[in-house]
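Student: The residues making up each chain are set out below.
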Amino acid sequence: EAQVTQNPRYLITVTGKKLTVTCSQNMNHEYMSWYRQDPGLGLRQIYYSMNVEVTDKGDVPEGYKVSRKEKRNFPLILESPSPNQTSLYFCASTTGRIPDTQYFGPGTRLTVL
Amino acid sequence: GDSVTQMEGPVTLSEEAFLTINCTYTATGYPSLFWYVQYPGEGLQLLLKATKADDKGSNKGFEATYRKETTSFNLEKGSVQVSDSAVYFCALSDLPGNTPLVFGKGTRLSVIA
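So the sequence lines, in the order shown, correspond to chains A and B. If you use the numbering used here, the first sequence corresponds to residues 1 to 113, in order. If you use the numbering used here, the second sequence corresponds to residues 1 to 113, in order.
Hints listed in this document are in silico derivations from the structure and should not be mistaken for laboratory results. One thing to keep in mind: the hints can contain errors.
Below, a list of computed lysine-lysine pairs in the DSS-like style, where the Cα atoms sit at most 27 Å apart [to be verified]:
#1 A/69 - A/57
#2 B/105 - A/65
#3 A/18 - A/71
#4 A/18 - A/65
#5 A/57 - A/17
#6 B/105 - A/57
Residues on chain A that point at chain B, a partial pick, calculated with CB under 7 Å [stated by the list, open to error]:
#7 42
#8 43
#9 63
#10 64
#11 101
#12 102
#13 104
#14 105
#15 107
Predicted model only: the values in this text are computed from it and were never measured. Backbone N, C-alpha and C fix where the C-beta goes; we use that ideal spot for every residue, glycine too.
Next up, chain A with everything else stripped away, as it sits in the complex:
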């Protein structure tokens, strides 16, 4: 089954404690993205990757890092989380062909205390 998986689905942590949210897709997609969803703001892109070792900033990259060492994986790293990073996070992947249908993971709800 074609899917995007994320782990963990729920995470409560404290300010400053480094964390990683994993994302994996099994569709051999080249393009992957991370979004955060906040009430009243919709979805905003954090980072995206066009291929292995190729990443670029989205609209709200501050406080986040990503890496793309393998095609299927695109982890999101918060080196020093802060309460304003409390949000619902989605990973997505796409072939990159027009039209661009993105496939979303189930989401990770992060709370930073």
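Please build the complex by placing chain B on the supplied structure of chain A, with the hints as guidance.
Tutor: Below, chain B alone, put in the same frame as chain A:
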């Protein structure tokens, strides 16, 4: 830059009522347009899409027509069901893969029996 504006919610309808959710866009090129749906506790999934002017996307009884003259892509359904209760996002993609989907802020639909 590109942007998507969709009607504010929440929208509450009775079962079998007619649904319209308005969406207008601003883009420099010729974007592909999408409607995504997010059911409670889940990630976003593609509902329908259209890639050029006058195209009509349709799925599960929902329809939307790409109107270049009014820069709109309004979502409609003739008879909603309780199972249609979800958050609906209008989105556009101006270039393949390596640029983000630009999302509207979402419209929450509640259908009551």
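Student: A separate judgement is required for each hint: does it hold in the structure or not?
Tutor: Now the hints, each set against the structure:
1. Restraint check for residue 69 of chain A and residue 57 of chain A: the C-alpha separation of about 17 Å stays at or below 27 Å, so the hint holds.
2. At roughly 25 Å between alpha-carbon atoms, residue 105 of chain B and residue 65 of chain A fall within 27 Å of each other, so this suggested pair holds.
3. Taken as a hint, the residue 18 of chain A and residue 71 of chain A pair is honoured in the structure, with Cα atoms around 24 Å apart against an allowance of 27 Å.
4. In summary, the hint linking residue 18 of chain A to residue 65 of chain A is supported, as the alpha carbons are separated by about 11 Å, within the 27 Å threshold.
5. The straight-line distance between the Cα atoms of residue 57 of chain A and residue 17 of chain A is roughly 23 Å, inside the 27 Å bound, and the hint therefore holds.
6. With a C-alpha separation of about 21 Å, the suggested pairing of residue 105 of chain B with residue 57 of chain A holds against the 27 Å cut-off.
7. Nearest Cβ of chain B to the Cβ of residue 42 of chain A: about 4 Å, under the 7 Å cut. The hint holds.
8. For the restraint placing residue 43 of chain A at the interface with chain B, the shortest Cβ-Cβ distance is roughly 4 Å, inside the 7 Å limit, so the hint holds.
9. At its closest, the beta carbon of residue 63 of chain A sits 18 Å from a beta carbon of chain B; the interface hint therefore is violated under the 7 Å criterion.
10. Proximity of residue 64 of chain A to chain B is violated relative to the hint, the smallest CB-CB distance being about 14 Å (cut-off 7 Å).
11. Contact between residue 101 of chain A and chain B, as hinted, is supported at the beta carbon level, the nearest pair being about 5 Å apart and thus within 7 Å.
12. Annotation: interface hint on residue 102 of chain A holds; nearest CB of chain B at approximately 6 Å, less than 7 Å.
13. Hint on residue 104 of chain A holds. Least Cβ distance to chain B is approximately 4 Å, under the 7 Å limit.
14. The beta carbon of residue 105 of chain A comes within 5 Å of a beta carbon in chain B, closer than 7 Å, and the hint placing it at the interface holds.
15. Contact between residue 107 of chain A and chain B, as hinted, is supported at the beta carbon level, the nearest pair being about 5 Å apart and thus within 7 Å.
The structure shown violates the earlier hints numbered 9, 10.
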